[in-house]
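Construct the complete structure from the given sequences, taking the supplied hints into account.
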Amino acid sequence: MLRKIRILLQVVTMTLVTLLLLGIGFRVHLWAGWVAKIQFLPALMALNFGVLAMVIIAALLFGRIYCSVVCPLGIMQDFFSWLGGKAKKNRFSYAKENKVLRYGFLGVFILAMILGFAPLTTLFAPYSAYGRIVNSLFKPLYDMLNNWLAGLDAANDRYNFTEVQIWTRSVTTFVVAILTLLILAFLAWRKGRVYCNSICPVGTTLSFFSRFSLFRVRFDQDKCKHCGMCEKNCKAQAIDFKNGTVDYSRCVVCGDCLDKCKFDALHYTSQKPVAVAKPVDKERRAFLVGAAVAGTSAALAQTQMKVDGGLAVIEDKVAPKRQTPITPPGSVSARHMQRHCTACQLCVSSCPNNVLRPSTDFMKLMQPVMSFERGYCRPECTRCSEVCPAGAIKPITREEKTTIHAGHAVWIKENCVVLTDGVSCGNCARHCPTGAIQMVDYEGPNGMVKVPAVDDNKCIGCGACEYLCPARPFSAIYVEGNEMHHIS
Amino acid sequence: MDRREFIKHIGGAAVATSVVLSACKNDEKEAPVVGNIIDGQGEMTYRINPNTGDKVSILGYGMMRLPVEEGGTLREHPNSPVDQELINQEIDYALEHGVNYFDTAPVYCKGMSEHATGIALARHPRNSYYIATKLSNFSPSTWSTEASKAMFENSLKELQTNYIDYLLLHSIGGDTNDLNSHELFNTRFVDNGILDWLVEQKNAGRIRNLGFSYHGDVDIFDMLLKWHDEGRYHWDFVQIELNYLDWKYADELNTRNTDAHYLYEELHRRGIPAVIMEPLLGGRLASLPDHIVKQLKEREPETPVARWAFRFAGTPEGILTVLSGMTYMEHLVQNVATYSPLRPITEEEDAFLMKIAEEIVELPLVPCTTCNYCMPCPYGLNIPVIFDFYNKCVTEGKIPVGNTEAREYQEARKRFLIGYVRNVPSLRQASHCIGCNQCVEHCPQKIDIPTQLHRIDDFVEQLKQM
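Line order of the protein sequences matches chains A and B. Heads up, the first sequence is in the working numbering, so the first residue is 4 and it goes up one at a time. Heads up, the second sequence is in the working numbering, so the first residue is -9 and it goes up one at a time.
To be clear, the hints were calculated from the coordinates, so they are not data collected in a lab. All residues carry an ideal CB built from backbone N, CA and C; glycine is no exception. Each hint can be trusted.
Under 8 Å between C-beta atoms, here's a sample of chain B residues computed to sit facing chain A: (1) Pro366; (2) Asn372; (3) Lys454.
Heads up, simulated DSBU-like pairs for lysine-lysine below, C-alpha to C-alpha not over 35 Å straight-line: (4) Lys265/A x Lys228/A; (5) Lys228/A x Lys99/A; (6) Lys320/A x Lys436/B; (7) Lys461/A x Lys454/B; (8) Lys454/B x Lys416/A; (9) Lys382/B x Lys284/B; (10) Lys324/A x Lys454/B; (11) Lys453/A x Lys454/B.
Here it is as structure tokens:
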């Protein structure tokens, strides 16, 4: 029963988290956004005490159920562990708790958090690790499916799906995601929850509380025949059947042992066991999460827009080297972002304008930065601030957004088409949502021309000018980030 | 000289050329062959040319959008040869049903029109039809006396005849970057002495009627009529753009155009017969927004929408013939029915059509015929597709209007924005127009392309920010 409930909840969580991280349409962040907000580390970063208290109380009452049914990385490992179990049955055995590694690493992690050493905190944040896997590996597949559906829609004059761009936002993040997936899949296949019980800082933290949990798996020594099936099927390697003990700091309350015990000797209860009825159901069940996550992507056609001879070739834009990276409005400052972001990529997935991408800067590794080669931070959009579970991008309204100066535009005379091509332009000024740019007279080599002049006090750093600048590959006007956002 | 350069040089002539191209586009939108019982039950209506006594059919066959072998017109298959077999059939049908005025030009259909028309007509007695062709000396290379004369002689050869019934100075009133409309007119027809030479040809019987087709600067139109009044030159006929939209709203649609009622009245007052082009205004009057179609159909459910426009163009006294560039046999059959005989527009119907015109004029359309001459835009925009998408949304009533909170509005908004990106990838959308104005001089309609693109972009921006 416990196992069935656990699997059901896992399917629900995993489906919601994955849909959210895929950034599917249908206003997913409105109805599934909560599942990211109850994640432990993001809640800690956001100082969301309600969530933290809930998770801790749950651990005190029921043990580490969080690790079983809330953490998507844990659920993912259960999936691979289950696959491993298919290949080799009854493969686990009790192992002692590796306290040095566990507490040593937790210490290092806490230190990194205090020091704001983002590469380490983001790399080992469990939910964020899963976020990167979805964003880097599954989202392109989903986007292909989406574009295929958009093609069908277009052919049938329907308007549900819009074609999106499919692109790798950061190679580093992509590699990290693949390595994370491979290493965890391998570990889980061989050793079950070994990562959660030796490295994961959230797992270790919750273990302090789960040791004292009210409900727990207890042995009924009268009934136990010492067959060892419970231990052999404990993916946490927490059961020592010879001594009839369970290491509650590592038990993730999966319920597998309860189902495996043919003698009804194990119970998940708040009391020392008394005689109870026979366990009900032992039939195996398909594990749906994997299917829901991966989807099938065999025949995904991409509808390509036909280009005829009458169209000029458009060179791709190349990102300028910004001295100060731009962080999205709501992130307060580069430091605030660095301290709070767990690099789950939810904002990156959710950004409808292809602006956000993971940073490749080591100290901000995989945390979001803005760039405007494929779009700009549109005035009506506050999506990233709505979805961020860690408070790294604080919720802002559209109106507030107009007052947040995340950066300022800089004109690069050498690239400006007014001077290079000898044409009139002003596309930056025409599209500036705050009217920060005006065209002023300028004595060029071929007479008077109109060039853009930026009023830094009005510029909010949205990148409209940079994206819509006709100069390619380098725009003649680009945004430099503000270390701390100015508020007007 | 490539096509683009050619157009650049001819500038003023571009309008005439645009007729070809716009024509090529909209045919398929004309109404299907479903006759109503009111029309097509009798004989073709004829008008008498007071100069020569010619009995001209009110339906004239425009040979500027000929069918091509690969299907459709040159617009769809620019490199295909014309479908001579179908053209022959169509001309046979036309003659058989009383159509006797055939209008071509040296520039039509990449120069293939006169040749094809000549082949088809030569299979019939020369006195059973009237040929109209033009002196299309747009390109600077044809401005010399010799080149212009050669163009006329070549027309005779292509049309397999030794006289032209109706010869037109092709598209007067245009200009180029370098020459204003007066300078261009003088260069094309006066300085090289070609106008006087044409008069000689007329006196020699090689031209039976001499006239001009007009588009653009009304000064030139007025000047030529003044010459007529002064007896300096005599115009046997004049070709003008006339339809129920241009009647009162030509300048509203395109500031360089003049209302058709003025042009018509100037001619009628002098007893000069008018030949009508663009009776459907590039097909627009055959493809109308639903709410306007509804009004037309409520009056006469079985009458094709386009028929109203043809009836209107043929009604005024002194109209010699109404040209229709008929690609497909079905259009020909339809139009023959419309004019066999012409059911003139009554006064009450006229008021009704003026009200319809007023409603059409209020639609914020871009007068683009998607001729693609503006392309390629150096900054990568797909100008004609942007205009085409926008115009389609306007005519089909798919522009979000009304209460922005309403579900219908939101649905229309979504369809518009998704449809826009489907038709035009974001890098080629109007937001990327920098206003460099390089396209403007290529546009035969002289559309202020950047202004129109910025208008559409503002509209899109407004929708997006909703």
